[in-house]
Amino acid sequence: MSTYTQIFGQQVIVVTADPSDPTVGQMWYNSTSKTLKFLGTTTSGAWAAGGTMATARNGLAGAGTQTSALGFGGYTTTGVANTEEYDGTSWTSGGNLATARDSLGGAGTQTSAAAFGGSDATTADTAATEEYDGTSWTSGGNLATARFGLGGAGTQTSALAFSGGTSTAPVTTATEEYDGTSWTSGGNLPTAKRQLGSAGTQTSALGFGGLIATPAVTAATEEYDGSSWTSGGNLGTARRLLAGAGTQTSALGFGGNPGSSPNTAATEAYNGTSWTADTSMSTARQALAGANAGTQSLTAAFGGYTTAPTTATEEFTGAGAPVTKTVTAT
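Under this note's numbering, think of the first position of the sequence shown as 20, with each following residue one higher.
Treat the hints with care, as some may be off.
[Stated by the list, open to error] Only pairs whose alpha carbons sit at most 16 Å apart, straight line, appear in this in silico EDC-like list of lysine to aspartate or glutamate:
#1 56 / 40
#2 344 / 40
#3 344 / 37
#4 56 / 37
#5 53 / 37
[Stated by the list, open to error] Beta-carbon label-pair distances, calculated as ranges:
#6 143 / 115: 15 to 25 Å
#7 35 / 245: 44 to 54 Å
#8 233 / 295: 24 to 34 Å
#9 245 / 36: 28 to 38 Å
#10 301 / 33: 32 to 42 Å
#11 189 / 163: 12 to 22 Å
#12 295 / 73: 28 to 38 Å
#13 188 / 141: 14 to 24 Å
If you are wondering where the hints come from, they were derived from the structure by calculation, not from laboratory data.
The beta carbon of each residue, even a glycine, is placed where N, CA and C say it ideally should be.
Turn these sequences into a full structure, and let the hints guide you.
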């Protein structure tokens, strides 16, 4: 592949403001700040503090990307219906869910999301599905199995719901696929669990970690191809109530609780075969949400439980992500 200098040469352009969409390798002189800069890439992952949510909560669901995220539902002292939108800097209020609930599944983007399952304000499991258009939620088709603590992946019109707990079973293997109107049965998981991490799409999903039997947690990872689940590489840290983002072959898992131990800030990256440890979050927490449409190298974590529900947001930038750097004299 051609490099920037091969295409454009080595001349340094002079600008009054940094380019809005530079190419990796591009160099420029900012005459306003009197600095020489270039677009390079990060060499290691890092978490940085983002804007705080208006409502502290745990057990919420997330959708979208690092700069266009959506957080909805959750638990304070009861299940809540609150929706908040993130622009990469601050959170603002969106339309409330019709059904207040926590421990729900989510999929999609900030302007086209799906919320499904969970426990409602009476602590009863729900099968309700709602769809968000960037302003308000409307009812969609109900899940066949009402459940909480389930995994979610995909988009509003092509979503996947899997695992979870029901009123009759503490953990389940059930998988359902959504087409924007109704849910149909998919292939069952090999391992019944709830409170797992998830990532990917309806036909290429990833489920990892989770609670298999109180207080036992698992490090198991399973991959879905649109029909059936197969085993993948185990997490380095077995845990439940974690969050995830990315794809089946390039995912990120973060936070959670390793059973009866304190919450963890551990972050791990998956390459389609195995997990490797990455930089930990600043705040150890469980029952958090992630911008699940984000990538392995660019996502956000928000909400969750530390010693109480939290409003904290952290943004992850992974190794290899583009970053503007300033050239200094040595």
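Hints and how they fare:
1. Only pairs whose Cα atoms come within 16 Å are accepted, and residue 56 paired with residue 40 is accepted, the gap being roughly 14 Å.
2. For the hint linking residue 344 to residue 40, the alpha-carbon distance of about 14 Å falls within 16 Å, and the restraint holds.
3. Taking the CA atoms of residue 344 and residue 37, the gap is near 11 Å; set against the 16 Å cutoff, the hint holds.
4. A distance of roughly 8 Å separates the Cα atoms of residue 56 and residue 37; the hinted pair therefore holds under the 16 Å criterion.
5. Taking the CA atoms of residue 53 and residue 37, the gap is about 11 Å. The hint holds against a cut of 16 Å.
6. Between residue 143 and residue 115 the C-beta distance comes to about 19 Å, which sits within the given range of 15 to 25 Å.
7. As the Cβ distance of residue 35 to residue 245 is approximately 50 Å, the hint placing it in 44 to 54 Å holds.
8. For the pair residue 233 and residue 295, the beta carbons lie near 29 Å from each other, so the given range of 24 to 34 Å is met.
9. A hinted range of 28 to 38 Å is violated for the C-beta pair residue 245 and residue 36, which are about 46 Å apart.
10. A beta carbon spacing of about 38 Å between residue 301 and residue 33 agrees with the range 32 to 42 Å that was offered as a hint.
11. Restraint check, residue 189 to residue 163: a C-beta distance of roughly 19 Å satisfies the suggested window 12 to 22 Å.
12. The supplied range of 28 to 38 Å is met by residue 295 and residue 73, whose beta-carbon atoms lie about 35 Å from each other.
13. At about 19 Å, the CB distance of residue 188 to residue 141 agrees with the hint of 14 to 24 Å.
In terms of the numbered hints stated before, the structure departs from hint 9 and from no other.
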